[in-house]
Amino acid sequence: MIKKSSLNSVALPDGGIYVMRSEHIYLLAACQPIGINGVGAHKHNDWLSFELCVDDQPIIIDPGTFCYTGNMEMRRLFRSTKYHNTVVVDGREQIEIHNSMFGLTSPHGDVRVLRWESEETHDLLEAEHTGYTRLAEPVTHRRQFLLNKRKNEVEITDTFIGDGEHSFAWYYHLDVGLQSENEVRKIFILQDRKIVLEIEAPDFEIIQRKERGWVSKAYNRRESAEIVCFEGIAVLSSNPSFTQRISINDDFLGDEKE
Numbered sequence: 402m403i404k405k406s407s408l409n410s411v412a413l414p415d416g417g418i419y420v421m422r423s424e425h426i427y428l429l430a431a432c433q434p435i436g437i438n439g440v441g442a443h444k445h446n447d448w449l450s451f452e453l454c455v456d457d458q459p460i461i462i463d464p465g466t467f468c469y470t471g472n473m474e475m476r477r478l479f480r481s482t483k484y485h486n487t488v489v490v491d492g493r494e495q496i497e498i499h500n501s502m503f504g505l506t507s508p509h510g511d512v513r514v515l516r517w518e519s520e521e522t523h524d525l526l527e528a529e530h531t532g533y534t535r536l537a538e539p540v541t542h543r544r545q546f547l548l549n550k551r552k553n554e555v556e557i558t559d560t561f562i563g564d565g566e567h568s569f570a571w572y573y574h575l576d577v578g579l580q581s582e583n584e585v586r587k588i589f590i591l592q593d594r595k596i597v598l599e600i601e602a603p604d605f606e607i608i609q610r611k612e613r614g615w616v617s618k619a620y621n622r623r624e625s626a627e628i629v630c631f632e633g634i635a636v637l638s639s640n641p642s643f644t645q646r647i648s649i650n651d652d653f654l655g656d657e658k659e
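With the working numbering, the residue at position 214 of the sequence shown is 615, and numbering never jumps.
Derived from the structure by calculation, the hints contain no laboratory data. Each residue gets a CB set at the ideal place from its N, CA and C atoms; glycine is no exception. Since no wrong hints were added, every one of them can be taken at face value.
Only pairs whose alpha carbons sit at most 25 Å apart, straight line, appear in this in silico DMTMM-like list of lysine to aspartate or glutamate: (1) LYS611 / GLU624; (2) LYS483 / GLU527; (3) LYS611 / GLU494; (4) LYS618 / ASP456; (5) LYS444 / ASP511; (6) LYS611 / ASP491; (7) LYS587 / GLU527.
Here are the in silico distance ranges between beta carbons for each label pair: (8) ASP564 / GLU632: 15 to 25 Å; (9) THR470 / ASP651: 43 to 53 Å; (10) ARG516 / LYS587: 21 to 31 Å; (11) THR558 / ILE418: 18 to 28 Å; (12) ILE634 / GLU518: 25 to 35 Å; (13) GLU624 / ASP564: 38 to 48 Å.
Please model the entire structure based on the sequences and the hints provided.
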């Protein structure tokens, strides 16, 4: 008889992939370099993005690729920063997307991991990228993922290092068939299972909205899915941080969580 192996958290630094696991949560964080000696042939604008599953069900997902040559508009959209679960600053791309089918190059942008630890009680990843340092008022985006394995809860803290006033937009792409409901500073993601997304942002006015987008799970195929977005404007005089908590709803886990 083949026994099912125990899957643990793992860091793959050469590829820029970091996987966090608890009893119920799987989280993959993207810290890939541009690659191919800076050519970035197949790269998307996904620095500090993540995917999250609960008990093997995809909840927050990467929308995929969809196409290469058949539709330039869709090609650009699926590569864009807003089509990943990360932060858009001032409505700009992490790396500018040009009209070529392949390649994302930047003289300014890079990503580096500052800290990784995996313990029995928690996993922690801290990384930053400099894609927005090309702005007139440069910004470095630093993100920390903290998985509390006992609580099956994730905290994501974004810190923006720079000066001046900037707009920020947090994007969350839901898997096909999932819906969301809004409360003040909270989003409930609903199907048979629930996750609560909460952004804590003192002295920071947040606008919550949702829209329809696309998910591509196979080449040249796409399905409609929901996108959740939090938006706001802040002055970076003191390198502010903003924390989101992602937790599993007790009604879903029931007796399993006890």
